[in-house]
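Number of protein chains: 2
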Amino acid sequence: MNEKIGILALGHGSKHPHNKDVVTGVAELISRKYKNIVVRTGFMNMNSPTMKEGLESFKGTGVSTIVAVPIFLAHGVHTMEDIPQILGISRDSRETIIKLDGRDVKLIYSEPLGVDELVAELAYKRAKEALSSN
Amino acid sequence: MNEKIGILALGHGSKHPHNKDVVTGVAELISRKYKNIVVRTGFMNMNSPTMKEGLESFKGTGVSTIVAVPIFLAHGVHTMEDIPQILGISRDSRETIIKLDGRDVKLIYSEPLGVDELVAELAYKRAKEALSSN
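Chains A and B, in that order, give the protein sequences.
Each step along the first sequence adds one to the number in the working numbering, with nothing skipped, and position 113 is 113.
Every position in the second sequence, counted from 1, becomes a number in the working numbering once 1000 is added.
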């Protein structure tokens, strides 16, 4: 990643604080580990910033490409229909161009978390924690 | 984990196949990596096995403890209210005893995935994949 890249961590949002806490916490961990990446958040429902506000929040950062990453475990109506519509991304192209600070910025839509050893490892870790605290 | 342990991977369920595919895929990865653990799945809505069927599916496996792990990113109404009610676990004790094959089996309820470096790493990986396929 040579050009200046932004990651917009997309959250579902919830009336409870937990979904926003997780998406924000994950965004902070990415930001801390990859200091050359500009990380922001945006929520679909019930929390702020909204996804559009999240995109606006890259103003002044100089990013040339933003990858919108759904912090969702799996595809569903939200990731396949609602979010592409909010971001103005067709499901075929999976990318578009937006204007920030009068410049063209590429917006790319990534896959959600999905099946991965990292999720399996974390689920196993939560099971071990529950056993040991028990 | 010396005694024979079971992990019940709990999924939300969906009218789309993706949620079940992810929960089932993650359960398979845990099972492949930790061959001494008996791994099963159970879904809250719209998919089978149900959570109760998932518990029943440990019959004949000889597990003495089952950890029910919500394959959910964050706590919410489902993890805090619906699932404990389905599993018959009080939110204070976070554990109960169930009968399988006429024996007492301890059922422990773990935390969902939550904020973790592993989720941050996976989100970053999905962003990189979207950039490179682009």
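No lab work stands behind these hints: they were computed from the structure.
Worth double-checking, as some hints may not be accurate.
Calculated cross-link-like contacts (lysine to aspartate or glutamate; reagent style EDC-like; alpha-carbon spacing at most 16 Å) [to be verified]: (1) B:LYS1035 x A:GLU121; (2) B:LYS1015 x A:GLU81; (3) B:LYS1033 x A:GLU117.
| task | Check each numbered hint against the structure and report the violated ones by number, ascending. | result | none
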